[in-house]
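**Q** One letter stands for each residue in the lines below.
There are 2 protein chains.
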Amino acid sequence: MPNNMIKKQLNHRTIREFKDMEVPDEIYNTLLEVARRTATSIGMQQSSIIRVTDSDLKVKISKICNQEYVARAPILLIFIVDTYRNHQIALEQGIDSKNSSDMDRFFQGFTDAALSAQNIVNAAESMDLGAVYLGSVLNDVWKLCDLLELPQYTFPVIGLGIGYPNQDPQLKPRMDVKLRAFENHYEKMDNYMEKINDYDKQMQTYYDLRDDNKAMDKFSQQVVDRLTNVSIKRQDIVNAIVSQGFDLKLKE
Amino acid sequence: MPNNMIKKQLNHRTIREFKDMEVPDEIYNTLLEVARRTATSIGMQQSSIIRVTDSDLKVKISKICNQEYVARAPILLIFIVDTYRNHQIALEQGIDSKNSSDMDRFFQGFTDAALSAQNIVNAAESMDLGAVYLGSVLNDVWKLCDLLELPQYTFPVIGLGIGYPNQDPQLKPRMDVKLRAFENHYEKMDNYMEKINDYDKQMQTYYDLRDDNKAMDKFSQQVVDRLTNVSIKRQDIVNAIVSQGFDLKLKE
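Chains as they are written, first to last, in UniProt numbering: chain A, 1 to 252; chain B, 1 to 252.
Heads up, a few of these hints could be off.
Any copy, or any two copies together, can satisfy a pair, since identical chains are not distinguished.
Here are the simulated lysine to any residue pairs, SDA-like style, with alpha carbons at most 25 angstroms apart [to be verified]:
id: 1; residue 1: Lys-60; residue 2: Asn-197
id: 2; residue 1: Lys-58; residue 2: Pro-74
id: 3; residue 1: Lys-60; residue 2: Lys-188
id: 4; residue 1: Lys-63; residue 2: Ser-220
id: 5; residue 1: Lys-178; residue 2: Thr-14
id: 6; residue 1: Lys-98; residue 2: Val-59
id: 7; residue 1: Lys-143; residue 2: Met-189
id: 8; residue 1: Lys-19; residue 2: Ile-95
id: 9; residue 1: Lys-188; residue 2: Arg-234
id: 10; residue 1: Lys-63; residue 2: Asp-20
id: 11; residue 1: Lys-249; residue 2: Gln-152
id: 12; residue 1: Lys-58; residue 2: Val-177
id: 13; residue 1: Lys-98; residue 2: Ala-240
id: 14; residue 1: Lys-178; residue 2: Arg-13
id: 15; residue 1: Lys-195; residue 2: Met-127
id: 16; residue 1: Lys-249; residue 2: Ile-232
No wet-lab data here; the hints were simulated from the structure.
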């Protein structure tokens, strides 16, 4: 029998609407402590968190996200890659290292940031809070960096809204794990459409609370829509990484 | 009072040595189910997991990691970005999209992979298993892609070893959360060395089990060492991303 934690993990839903109730500081501080204790690449702690409390700033970020509920999240967090801090720690010791800008370090910080976000989500859900990941903060990275005054050698990874749930969404169907987990080598398949046939049907029984009275499209149709309708600005993410001071070290 | 889950999160240590005991399939399948239920960017499920069970392959990967304990992990997982699967789902419907290669999608998949890894770690620790993240699988991305037969539009993110703990490491000191969490904007400081002074001292009381009878260096010294001694191959990560078929869409 799964324990309570695993029951919560298997029952995870995105919560976008929260009760109009503050989350006590003690609970927020516990979430931060969980983030602090999260595993970190080679111990370097190359990620940081910015909590957005200013209501004007929340509205501006909700506009980047193009989702007005973002402005209402009781806790709004932005997780960032941060090699700036260690660069400064070296600089104060007289070492001005070019290696703070390298993409190996960037990806270490990116992974650290994402791990701490999920650790916070699990802690929050264990305390009956709900959460929504906000990949949409990357809709305009330049604007977000500007709003949060992100210095060189930092970069946003993901946003997170947290609060007491004021909705009870349906559990969203997911594809068969056999399509996502393999043994010893990657397993290419030549009949994905057949293998996701049941999943496609399940998705048509799922009602997203954002879109009343209309079931979702088949997953295979969603994939086509997503691949056809892209955001030019979001595709530009690598240029934003370069703008933030990172060196791709690309070969000719 | 923190609940049991949060107690475990606050008590997280890296476990590198495991008992010589298999993890039952039922437990492994629960971990996979937790990964499947992890939040995923716009529902696209652009990450996958490869479990390495072949003992020769484990040894080869442990050599990439330059850490022989990797070959002994009862469960060894590699988390990957995977936009290949959805590209094929579109292709089977007659759509050959160039957008499967875009870096926006890459980062969505990268984040998905990291979130599912941490969700698995939390589930594992809730069942008294221990875990070690293996960023070192990226020491030679080209070799790893080759060993795991990773197709275009896939990319390794992180490795994870899981098993029943056979060691009880000390809790590793971490810097003050005030240095890592800010409000409304990034907070630059002009005296990091002063602010990490206590942390520097704490680090010197920490004994890594890999390195008997010798406390660690101050954190500020570790930073200098890490910034001075870099791996040229690891710094080359963006070239490996390009080799795996992703399009940086860099502006001139």
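**Q** Please go over all the hints and tell whether each is borne out by the structure.
**A** Results of checking the hints against the structure:
no.: 1; hint: Lys-60 - Asn-197; result: neither (41 angstroms within a copy, 37 angstroms between copies)
no.: 2; hint: Lys-58 - Pro-74; result: within (10 angstroms within a copy, 46 angstroms between copies)
no.: 3; hint: Lys-60 - Lys-188; result: between (43 angstroms within a copy, 22 angstroms between copies)
no.: 4; hint: Lys-63 - Ser-220; result: neither (29 angstroms within a copy, 39 angstroms between copies)
no.: 5; hint: Lys-178 - Thr-14; result: within (24 angstroms within a copy, 29 angstroms between copies)
no.: 6; hint: Lys-98 - Val-59; result: neither (37 angstroms within a copy, 34 angstroms between copies)
no.: 7; hint: Lys-143 - Met-189; result: between (41 angstroms within a copy, 23 angstroms between copies)
no.: 8; hint: Lys-19 - Ile-95; result: neither (49 angstroms within a copy, 43 angstroms between copies)
no.: 9; hint: Lys-188 - Arg-234; result: neither (28 angstroms within a copy, 27 angstroms between copies)
no.: 10; hint: Lys-63 - Asp-20; result: within (21 angstroms within a copy, 53 angstroms between copies)
no.: 11; hint: Lys-249 - Gln-152; result: both (17 angstroms within a copy, 21 angstroms between copies)
no.: 12; hint: Lys-58 - Val-177; result: between (37 angstroms within a copy, 23 angstroms between copies)
no.: 13; hint: Lys-98 - Ala-240; result: both (19 angstroms within a copy, 21 angstroms between copies)
no.: 14; hint: Lys-178 - Arg-13; result: within (22 angstroms within a copy, 31 angstroms between copies)
no.: 15; hint: Lys-195 - Met-127; result: neither (37 angstroms within a copy, 32 angstroms between copies)
no.: 16; hint: Lys-249 - Ile-232; result: both (24 angstroms within a copy, 10 angstroms between copies)
Against the hints set out earlier in the document, violations occur for numbers 1, 4, 6, 8, 9 and 15.
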